[in-house]
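Each chain, letter by letter, is given below.
There are 2 protein chains.
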Amino acid sequence: MKLVYKGKTKDVFELEDGNYLLKFKDDVTGENGVFDPGANTVGLTIEGVGKAGLRLTKLFFERLKEEEIPIHYIKANIEEGTMKVKPATLFGNGLEVICRYRAVGSFMRRYGMYAKEGQELDAFVEVTLKDDARQDPPITEDALSMLGILSLHEYEVLKSLTKKICGIVKDELLKKDIELYDIKLEFGRVGHDKHIALIDEISGGNMRAYKNGEYIEPLQLEKLMLE
Amino acid sequence: MKLVYKGKTKDVFELEDGNYLLKFKDDVTGENGVFDPGANTVGLTIEGVGKAGLRLTKLFFERLKEEEIPIHYIKANIEEGTMKVKPATLFGNGLEVICRYRAVGSFMRRYGMYAKEGQELDAFVEVTLKDDARQDPPITEDALSMLGILSLHEYEVLKSLTKKICGIVKDELLKKDIELYDIKLEFGRVGHDKHIALIDEISGGNMRAYKNGEYIEPLQLEKLMLE
Numbered sequence: 028m029k030l031v032y033k034g035k036t037k038d039v040f041e042l043e044d045g046n047y048l049l050k051f052k053d054d055v056t057g058e059n060g061v062f063d064p065g066a067n068t069v070g071l072t073i074e075g076v077g078k079a080g081l082r083l084t085k086l087f088f089e090r091l092k093e094e095e096i097p098i099h100y101i102k103a104n105i106e107e108g109t110m111k112v113k114p115a116t117l118f119g120n121g122l123e124v125i126c127r128y129r130a131v132g133s134f135m136r137r138y139g140m141y142a143k144e145g146q147e148l149d150a151f152v153e154v155t156l157k158d159d160a161r162q163d164p165p166i167t168e169d170a171l172s173m174l175g176i177l178s179l180h181e182y183e184v185l186k187s188l189t190k191k192i193c194g195i196v197k198d199e200l201l202k203k204d205i206e207l208y209d210i211k212l213e214f215g216r217v218g219h220d221k222h223i224a225l226i227d228e229i230s231g232g233n234m235r236a237y238k239n240g241e242y243i244e245p246l247q248l249e250k251l252m253l254e
Numbered sequence: 028m029k030l031v032y033k034g035k036t037k038d039v040f041e042l043e044d045g046n047y048l049l050k051f052k053d054d055v056t057g058e059n060g061v062f063d064p065g066a067n068t069v070g071l072t073i074e075g076v077g078k079a080g081l082r083l084t085k086l087f088f089e090r091l092k093e094e095e096i097p098i099h100y101i102k103a104n105i106e107e108g109t110m111k112v113k114p115a116t117l118f119g120n121g122l123e124v125i126c127r128y129r130a131v132g133s134f135m136r137r138y139g140m141y142a143k144e145g146q147e148l149d150a151f152v153e154v155t156l157k158d159d160a161r162q163d164p165p166i167t168e169d170a171l172s173m174l175g176i177l178s179l180h181e182y183e184v185l186k187s188l189t190k191k192i193c194g195i196v197k198d199e200l201l202k203k204d205i206e207l208y209d210i211k212l213e214f215g216r217v218g219h220d221k222h223i224a225l226i227d228e229i230s231g232g233n234m235r236a237y238k239n240g241e242y243i244e245p246l247q248l249e250k251l252m253l254e
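Just so you know, the protein sequences line up as chains A and B, in that order. All residue numbers for the first sequence refer to the working numbering, where the first residue is 28 and numbers rise by one. All residue numbers for the second sequence refer to the working numbering, where the first residue is 28 and numbers rise by one.
Simulated from the structure, these hints should not be mistaken for lab results. Please note that a few of the clues may not be correct.
Partner residues aside, some chain A positions facing chain B, computed with beta carbon under 8 Å [said to hold, decoys possible]:
#  : residue
1  : Leu30
2  : Tyr32
3  : Gly132
4  : Arg137
5  : Tyr138
6  : Lys143
7  : Gly145
8  : Phe151
9  : Asp159
10 : Arg161
Glycine is no exception: its CB is placed at the ideal position from the N, C-alpha and C atoms.
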């Protein structure tokens, strides 16, 4: 097994059977020791955060498998903090697909002239480029298509999958009286037919969630979801 | 006649017949005395720039009228530096619609990971909100629709009109061996049926143009086009 990528919160190893192993680390994104799921830098290290993220990812990914949503997930080993996945190719150098149920964060920073902080949004989907140097710019379907990152048809598939997946995550959170405000996903092309599949993870660090009107930190969210 | 709005480069007066009069000023957008069509502040004042902009606008608007493109333009009075227009309502607090033939400026600042400076773009259309405080953020058709600014159908009309109008402007420039790199337009709803029409102006300050590989300043562009 060979290390092929050192990420901000995960390392990626290539396996001999052609699949990949993701090793979850205890680093989370943020700035100056404050967690921020939208940040591009590792802000702090919290013991146990890797395994907690993996456990929550496993919970969601197995739910998604039941629903026959295409995902790269094969299986998870909680003890070792690893997840075995199918090989996937990114769209360009990677996209983040955001689904919003309430107007907060970067949505308000961009569209605050037209939205109220916390207002309900109906599973609004938007895409940003993974490009730290350019602060992950938002991008339209026309630009994605023109730049050869994603076809217009693939964009429709991506949007529809995103709404389905996030609806399932939202419902899982609701069972614990937790409200999902927004969530970011990653997708890639998987298999010989290069179908669009969910990749990466779905853990506390991917979403903003609230309980009784109060924001829940990722690790706390994972505890509440897994207890 | 009553002053209803003092703009960065134009003042707007309401006329007794229900139409409006735009008075072109000698101020241009930019920063620290340097012209920048994308800037939100008045950067400098150049004598004659208002009337030159009006003359070029008149040239384009009369070409567009011939092509039966919906515009708010009624007539221009070059001597007085004024243009009579039909009343129009903005989309939200105003949009800028950009059409790009080459990758420069804010396009490169956002999508430089996937594009080369100056690469050809096939009349690529994008929309930004007019919001100085939030640096005129780009916005997708889905967000425009969700925020009640523009319906998905109106977006299609806007995009198609933009390509048609900019194609005409590009061809006019080509007659003088000038190449259009990008251009920004404004649209509004006009008439009882609230149809989408081009509003504002099309002058040197709205576009980036090059001749023999060299950038042409707005006033120089207007001179070349009007001589």
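Status of the hints after comparison with the structure:
1. Here the hint on A:Leu30 is broken, as its CB sits about 25 Å from the closest CB of chain B, past 8 Å.
2. Given the 8 Å rule on beta carbons, the hint for A:Tyr32 is violated: about 18 Å separates it from the nearest Cβ of chain B.
3. Annotation: interface hint on A:Gly132 violated; nearest CB of chain B at approximately 13 Å, more than 8 Å.
4. Evaluation of the A:Arg137 hint against chain B yields a held restraint, the C-beta minimum of about 4 Å falling below 8 Å.
5. Because the beta carbon of A:Tyr138 sits about 6 Å from the nearest beta carbon in chain B, less than 8 Å, this interface hint is met.
6. With 8 Å as the threshold, the beta carbon of A:Lys143 stays out of range of chain B, its nearest partner Cβ sitting at about 11 Å, so the hint is violated.
7. At about 15 Å, the closest approach between the beta carbon of A:Gly145 and any beta carbon in chain B exceeds 8 Å, and the interface hint on this residue is violated.
8. The restraint placing A:Phe151 at the interface with chain B holds, with a minimum CB-CB distance near 6 Å, inside the 8 Å limit.
9. Because the beta carbon of A:Asp159 sits about 10 Å from the nearest beta carbon in chain B, more than 8 Å, this interface hint is broken.
10. The closest approach between the C-beta of A:Arg161 and any C-beta of chain B is roughly 6 Å, which is under the 8 Å cut-off, so the hint is satisfied.
In summary, the structure is inconsistent with hints 1, 2, 3, 6, 7 and 9 from the numbered list given earlier, while agreeing with the others.
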